[in-house]
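If you read the protein sequences in the order shown, they are chains A and B.
One point on numbering: in our numbering, the residue at position 170 of the first sequence is 264, and numbering is uninterrupted.
One point on numbering: in our numbering, the residue at position 128 of the second sequence is 124, and numbering is uninterrupted.
Treat the hints with care, as some may be off.
What the hints assert, rightly or not - Heads up, simulated SDA-like pairs for lysine to any residue below, C-alpha to C-alpha not over 20 Å straight-line:
| no. | chain 1 | residue 1 | chain 2 | residue 2 |
| --- | --- | --- | --- | --- |
| 1 | A | 347 | A | 206 |
| 2 | A | 206 | B | 2 |
| 3 | A | 206 | B | 7 |
No lab work stands behind these hints, which were simulated from the structure alone.
All of these numbers come straight from a predicted model, not from anything done at the bench.
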Amino acid sequence: MTAAAIRLSGLHKTYKGNQTALAGVDLEVPQGAFHGLLGPNGAGKSTLIGLMTGLVRIETGSVALFGHDLARDPVAAKRHVGLVPQEVNFNSFEPIIETMVGQAMYYGVPRKRAGERAHQALARVGLEERAKRKPWGLSGGMKRRLMLARALVHEPRLLILDEPTAGLDVAARRDTWELLQELNANGTTILMSSHYLEEMRDLCETVAVLNEGRLIANDTPSELFGDDSASGTGSKSLESRFLAMVSKDSEAKEVSE
Amino acid sequence: MNAEIYWNAYQGLVIRQVRRFMRSWVQSLLPSVVTASLFMLIFGHFVGRDIGRVEGTNYADFIMPGLVLFAVVTNAYNNTTLAFYGARLQLHIEEMLVAPMPAWLIVAGFATAGVLRGLMAGALVMALALPLTSLEIHHLGSGLVVAFLSALLFSFAGLINGVFARSFDDTSIIATFLLTPLIYLGGVFYPIDRLPAPWDTLSLGNPMVYIVDGFRYSLMDAGSVGGGWTLLVLPVVTVVVGVFAWWLIARGVRIKP
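Bound-form chain A, shown alone (with noise of 0.2 Å):
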């Protein structure tokens, strides 16, 4: 049998001031899908994801991606795995091209293939022109780009993205869901996070909802949002729906406190 690409048990995680980011989340992505990550602000998808990738110090629960637990064998875990962070988090005094290299060898890719890797996947998404440069001239969008990018320099098997499409333009936005679309398409597994809820339903296969660091769903988007979700109909429908669902959670749980 196919390990899932992730497999998370019983995640726990309280911040400093007794703030609970998430309380028991169990999640599996198979390999190959697009899978959704929708919630709130403040509902814990960063965090969730912070804990994939090792940014985050687990407490309690499992990480374990391609079969590989994180904890126990964190080299095997992280090597297929491609994080597009929420933040900005580039050096901006060292040129573009020196940082998709180190990144690329951070992995484990020889010198020389690093630098190969690191021109192509500028050159998919249109940075190319600008390797020598730093990234402090560029727009916001070229930002979210060039992370892209950084991401996939090494070819990774899984991708996960926080909020890859914040800020960007419409075209931009498009550019990102055909790349998307395409890496999906060759095989790599997706898991991504947003706020806008027609990605999640033009894009993913299956979409799981936080709310108040709780899994409250996890479906196909026609289950969650309705079958006049379909694309193509208007973004009002599919934020009531969205609203309804988070605040019944909401008072549910208030009531059951």
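Based on the hints, put chain B in the right spot on chain A.
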């Protein structure tokens, strides 16, 4: 398999860190060379002629080993402090945390770059000072060992500073108010056995005394406390400080919530 990944990742980190300080060599390497040159000129030649011979050698020769070591340790320390704090501040530490790089590899990469910068600065000061002195190197091997271990020790110490620093001010506080006084009072400009009581005894509690003295012994075959102590204590202290630096990174102190 892992060995190849580690080796490429280590190279990637070292190359990036070396390029980082070489991009700003005027700010990183040059100041210690200028400072050492001024000390050599003023104390070694202008004032040194009136001081006479110290420990059987002229004063310019006496202060030269301490000045070389001063350049080595301050460069090593400042390099890792600023590099690590900068990586935390700009969040590009995340590039390492998401990659299959264990904590020891991150420490090794930063420390190697610190050692290289320290030794480069020391070599520059030495190249500049040698023509101004009549110094003959007596124990080249032990001199290189002391210089290397000093650079490594202060690279680890700088990394620890980089972990705990909350602002750019914090990156210079230790160097300015602790490291520099310890070096200046560590027998760079005088043999500590010439100090009046209780200063001679108190000086024995200054770790820099042993480092400077060990290096002076290697170069001049002279010293106050004996080079043997340095070769005995320095590796032990280096290992202890290095293990602490590794523990901080492995635990994710100040880098992982």
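Hints, one by one, checked against the model:
1. A C-alpha spacing of about 55 Å is found between residue 347/A and residue 206/A, which places the hinted pair above 20 Å, so the restraint is violated.
2. For the suggested pair residue 206/A and residue 2/B, the alpha carbons sit about 16 Å apart, so the restraint of at most 20 Å is met.
3. Using a Cα cut-off of 20 Å, the hinted pair residue 206/A and residue 7/B holds, with the two alpha carbons roughly 12 Å apart.
Checked against the numbered hints listed earlier, the structure breaks hint 1 alone; every other hint is satisfied.
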